[in-house]
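Start from the sequences, fold in the hints, and give me the full structure.
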Amino acid sequence: MAAIGQQQQQSQWLEDVAKFRRSPQTFLAKSDTDEEGFVLDILQALFSENIGEHVKLQLLCILQEKSDILLKDNTSVEQTIGSLRNVFEETDHDSIYKNHILVTMTTILIQHEQLEQQPKIFIDFMDVLLNLMSKINNGLNRNVRRIACECLKEIEIMYPGILSRKLEHIYAMCQLENTFIGQSYMALFVTVLKNSLERLIQTNGDLHDNELSELLSTRREPLKPIILPDNFTTELFSMKEKTHRRVSSEKLASNVDTKELKRALSFVMESSSLMTSQCLFYVMLQLIECVSWVDDLSPATFKSLFLHCASTTTLPLFYLVFLLKAKFCDQLFSASDGDFILRRLIMYANTPTLQHSYQLLCYEWLLHFPQSQVDDCQDVCIPSNLDDRHTDAFFPTVFNSIDATLAKLNILSLCLQPGSQSGLAEATLMGCLVSLHKSVNYGVTGPVAVALYKALLNYYEKHQNTALVEDIYKFILGIIVEQPKFAAQTIDFVESVRKIHPESSLPVDLLRALLEHTVSNKMSTILDNLQHYLLILERVAEEKEIKQNVLLIFLQRLLVSSDLNIDERWSLGNSLLRICRNVLHHRDTDLVFTELGDVLYILMTNYNDIDIRDRARFYYALLTNLSSQKLTSILTSFSPVAMATNQTLTSLVTGSANFQTASPVRQLDDTILQLTRAEKKLNSVSVTLPNGTESGQILEEYLKITQSKGFSPAVVVTYNISFKEGSSIPKDDKLYAMVLHVQTCSNYAQMKDQEIVFLDNHDSADSTESCTQVTLEFHPHEPVPATFDVSVLFSNESGETCTTSLTPLQLSFEDLFLPLPDIDGYSRQQLFNDVWNFIHSQQGNSDSACAESVCSLQLSQEMIATTITQKLTPFIVNSSTQDTVNMYQVGIILPPSSHLLMKILPSSETAVISIVTDNLRILPLVNRYLHQLERRHP
Amino acid sequence: MSVRALWIIKLPVGDVDGNVIFERSFPTVEKRARLLTSTDNYVTLPEENQFYDAVATELGLNVQSTQFVKSRDTCLKILTQQKPVYEITTVEGKLWPVIIIEQHGLLFCCLPLIEDGNNKRPPLVTLPGVSVGFSLLLHIADFVGPQPQDVDQNSPKLIKLCNYLCYAMPFGTPMDLNVSTVKGCIDSKPIHSVPSEKQPAWKPVLMKGGKSHVQFVITENVRAVLYDSHTLNDVWEVYGTVNCKAELEGIPDVTVNLSVAPNHPPLDHLIVHPCVHTADTDESTGNASIPGSSPGPRRLRFSPPLENFVLCHYTSSHIQKLPIRGCFKMKGDQKSVNLLVQLKLQENVKNSFDYCELQIPFHNRGIIVNIESTTTAGTVIVGPDKHRIAWNVGQRFLGRSLEVEMNAKVYFKEYDASKKSEFIHDLFCVGLNAYAQLFFKISDYTLSGCFVDQKSVQVYPSTKTKLTSVRELIVSDYKIWNILGDSKMAFPPPKNMLS
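As you go down the protein sequences, you meet chains R and Z in turn.
Each residue of the first sequence is one higher than the last, beginning at 1 in the numbering used here.
Each residue of the second sequence is one higher than the last, beginning at 939 in the numbering used here.
You may find that some hints are simply not true.
What the hints assert, rightly or not - In silico SDA-like links for lysine to any residue, alpha-carbon gap of 20 Å or less:
id : chain 1 : residue 1 : chain 2 : residue 2
1  : R       : 630       : R       : 542
2  : R       : 303       : R       : 328
3  : Z       : 1136      : R       : 269
4  : Z       : 1095      : R       : 7
5  : Z       : 1021      : R       : 458
6  : Z       : 1273      : Z       : 1355
7  : Z       : 1008      : R       : 458
8  : Z       : 1015      : R       : 495
9  : Z       : 1269      : Z       : 1297
10 : R       : 19        : Z       : 1089
11 : Z       : 1015      : R       : 403
12 : R       : 704       : R       : 821
13 : Z       : 1021      : R       : 403
14 : Z       : 1426      : Z       : 1364
15 : R       : 66        : Z       : 988
As the list claims (entries may be wrong) - Chain R regions said to be covered by chain Z (calculated; three or more residues, Cβ under 8 Å):
id : region
16 : 281-289
17 : 438-452
In short, the hints are calculated from the structure, not lab data.
Just so you know, even glycine gets a beta-carbon here, dropped at the ideal spot from N, CA and C.
Following this line, the structure appears as structure tokens:
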């Protein structure tokens, strides 16, 4: 049984982890816990013996990855780190799980900037790590030592230089460590070495000759503890600094002795054969930087590495060759080396046994092949040493995938220059499309066709001013003649060309030719592929430069053709109308008046669908009654932006065509205004009982009124409205006719827009008393805290209407508190007692929302007294002293009609609070609120 | 060279939506991304679902690939496309460079850190993170392997993947991705004695006792497309890998010669495993110009890890003749076709097959209802999907001519294109456009003549070592197009085009 329970517990955790990952907020809301509670649960599970390590590891990963959400303040970080350290110490064997505790702690400490916030915790932890790693050659805890090195490396990366003074220790450990984790010491060593060197270079002032050698050969301080320098500031080990200085151009001063550095370098190079590919790559990245900073160090150090890497299957190592080439270029590589690298790259790209994406990456690198030191590989170009001998490799073969074919065609189009007399380059480039074209010719849609059009666009982009354009033109025309189903893709091609080269004549030429092809085609062919041809005509109709008369005559012919399939008459009619609309919109109607009129007339009289007939009639009316200019503006103004202007269609039709349309509302990107809370008025709740209510019925009447629908007391808050600092509005500007809109959520009643006549940038520059104020009344349907989006609409000095959003307004739970009402002849104390007793009597009922609860706070007597005076004075119904202890009774109404009554009994250490409410849904909120009070007195 | 996050996505199948089944992010790397990237360029990581939606949109996962969808298929994309690197548009902004590779119906994605965050789109060749991220994905894909269709977050393999990653890259910077060594390290038993010499990280577990054994396996592939036409030349490629498993004590060096048999052209360049110290990787013509002599061997010296590994990849591009020549003729209509297939084994090719089978798939036709066939060798059957016939040629090509022939007449049911079937119809293969596919395997033979020269194998420090060497030739793709129909083809590089 126990085993089954354990199993269930584990799978429950795994499920929770998955849910939390999907959306942390939703998970917390649904599982009725908060971040703190969830972290506590996780920590408890880590201590539990019933949960397997694979599950615990998942929990650690959650802590590691989501600590920014889960840990809210330094206290919770401190507590979590403390607990994790206990778990670490209690776990006795050297396992992945145990190691990952260290990783999680490191991550949390870095993530929450504990070096700045709580240096002691951070330094203590580093001492633990140093202590662990210092036990070199211990075969019992290799994996923990490895992870300790990894953690220290990560800390050194995030705080460059923090381990500089331990460099010699780490160097010595590297040399001594013989087990397989030696590479972790090495990686840590080169990280610290690189950062130390960088700091030396950046040090202002002269360096003495032995500065570097001493760093590497003398112990300045013991390995433990970490001692922060006296002048420690957060900037001292900051990463951000580095990127701002252009370190790459700086060099180590020439007087500094580099003997020790050279020795260290050759030690690392000698050890390179012991490392895994990934570690070697990391180490080399650091060393390459170091060598580039020190003139005394020769890049030739890397020559043997280069030969090794240039033949290896491991991608990062092969990539090192490019990195070396980009960094040292002629210093390290001769011209023949350059050729060698290029040959290898082409070979990798053509080796079938390597992964397909690997080959694609090689093609990508080829386009940015590092050529000289100054070159930043930014532009696409083929390497200068790529010549005829290599070109064969870029001809697509039958075995190539679509992506590889495209990549090859791209490079080929850079290798071959059209324009020679023979036209060989053009013929070759177009010929190479055959592998893609074959299927397209048989009407095969999908990736191959997509690739073909991409290749064509790429050709065009590369050779737009050559004879190749003519070939592309014919080629595309050929596709449509054979397979009209590629109309959509052809139009996409036309639009793409237009987008990248608006001046190009290819789109118009192509569309014109497509129109000619369509109108001269046999009607039976057209009807077989009608939707595709109509798509072409629709696009053609947008072109001003193409005469549309032929098109319209063709439409007439089509409409009277008896073979028209009327099964899809509505969609067909729509296609036809879209063409007409485009003609109306983009053409001077005088030129097409008769033809367009005829088409529309046939549609409105003969077409078999009423909707189409109506719209045809509408267009016909527009055509026959309005000038071209007006037509264009009407059809343009169908766009949503223009709809927002107050111009009516009638004014367009009757008014002058020169009428300038009002500009639409301008959306300002930056927030220029802010609302600052001035005060919260404690709105008193008034309840008037009917005349002649007997004293025995007061409670009943009272509840009747407060539970009724019309009863809805408001939470009233006044805000200062002022200009935000640094807003783009000039100092003397005024904003007029402001309308402030508060967007409420479903838990609150909608709010009326607030109107402000004008706002002066002088008076309302800051949030002060002189500011314009707005008073907002919030009416909750349910007493829950909420956030409200606020937007404002106004006219500026130049008459423009602008809109912008403001920082959202927050309404917390305690903002909703209202005092109990005063009722004539019925004191608040009486009301408190009666309601308390009423709730107490009801709370057992299953259908009632009444509930009682008790909460204890870790607050001393004095503290509770100050807290209550500060926070709850308006709601105190009674405070009595009993044996020198003050007891408080607090009565609160939460709009619309929930009661929250509390009796607070302080004692020396804790305060016990009895709570009753007639809305048990608010209990979690109450609980959170009370514990917040506690936290304010740590 | 760190990775900000990685994801595994299950692809949608039919009506079942896909989703993220594994996610891992690295807060310290993320912190670096924030520090090193200018505020305009920094884009926060999306939640799981948002990431899935963004990838689905970019790759058009929810729309059939045969449909044209502008957002996915517009030709403008060619100008920015950098496969396998993608730009993923999320609510927060554009994530780049997201590396995506597909394997076994899963998408493996990761986002490497760009350390020079001021430049919005540096070329991929300047980003160490891309090569690291890519190699990470390959290892993860390898680790996960094929998964059942109902794989989800809590599948055992993905739980194990978490362990693997915690060791391989605790902070998001890979230090050791080799699955075998990671496993070796995790499982390594505590030791009490300190090794006297430095032990490499790629061999955390040393073999103790047991017989020394080194095995080489050459797997050679051939792929070819045969047109049997005057205007179109047949094309073929021969390539292979040499795998090695060395069970040796300590950390010895091994030297081996990779040779080719006499009368064979030399291999092209080699691509070798990182454990190889020295190798004649470049093409050398040796003395191949003298007929009957063999080109010089390729010598490789390496320190083998304990697991099985690919010692090298090779290609052989100068092979003059195909192992089997073929001719395929098919004529007829939608209801029935007449077929003739002739195969001829080249002389000098080993005439002993593990299997040799010719399949003819019939695309865009109804199922096969009847077949009448005669062959000079072997038997013909209809495939279980009833859309192909298979001719089992047998283990040998008989007779002096080394030729076999099949005549057949195949009858089909009427074709209904709207009917769903498991068989994927290639829409190019309509009418008489058709091909036959040949599958064969020959053991202890390579077409390139490549072999491991056992006499050349040396182990240092020398021990008594058992050597085995295996080789085989396998077809990866071998198509013979119907000479009476149209065929897929590529444009051959013109001779001396540029001079």
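Inset, instruction - Measure nothing beyond the straight line between the CA atoms of residue 1008 of chain Z and residue 458 of chain R; if it is 20 Å or shorter, mark the hint as holding. - result: 17 Å, holds
Legend entry - 20 Å Cα cutoff - pair residue 19 of chain R, residue 1089 of chain Z: 16 Å, holds
Inset, instruction - Below or equal to 20 Å on CA atoms is what counts here, so check residue 1095 of chain Z against residue 7 of chain R. - result: 18 Å, holds
Inset, instruction - Decide if the proposed pair is consistent with the structure: residue 630 of chain R and residue 542 of chain R, CA atoms, cutoff 20 Å inclusive. - result: Holds, at roughly 17 Å.
Legend entry - Restraint status (C-alpha distance of residue 1273 of chain Z to residue 1355 of chain Z at most 20 Å): 15 Å, holds
Legend entry - Restraint status (C-alpha distance of residue 1269 of chain Z to residue 1297 of chain Z at most 20 Å): Holds, because 17 Å separates the two Cα atoms, which is no more than 20 Å.
Inset, instruction - Assess, step by step, whether the Cα of residue 1021 of chain Z is no farther than 20 Å from the Cα of residue 403 of chain R, and give holds or violated. - result: 8 Å, holds
Legend entry - Holds or violated: residue 1136 of chain Z to residue 269 of chain R, with C-alpha atoms at most 20 Å apart: 14 Å, holds
Inset, instruction - Verify the proposed pairing of residue 1015 of chain Z with residue 495 of chain R, using a straight-line Cα cut of 20 Å. - result: Holds. Residue 1015 of chain Z to residue 495 of chain R sits at ~13 Å (cutoff 20 Å).
Inset, instruction - Please work out if residue 1015 of chain Z and residue 403 of chain R have their alpha carbons no farther apart than 20 Å. - result: 13 Å, holds
Legend entry - residue 704 of chain R paired with residue 821 of chain R [C-alpha distance capped at 20 Å]: Cα-Cα ~14 Å, so holds.
Legend entry - Proposed proximity, residue 1364 of chain Z with residue 1426 of chain Z (alpha carbon, max 20 Å): 11 Å, holds
In summary, the structure agrees with every hint in the numbered list given earlier.
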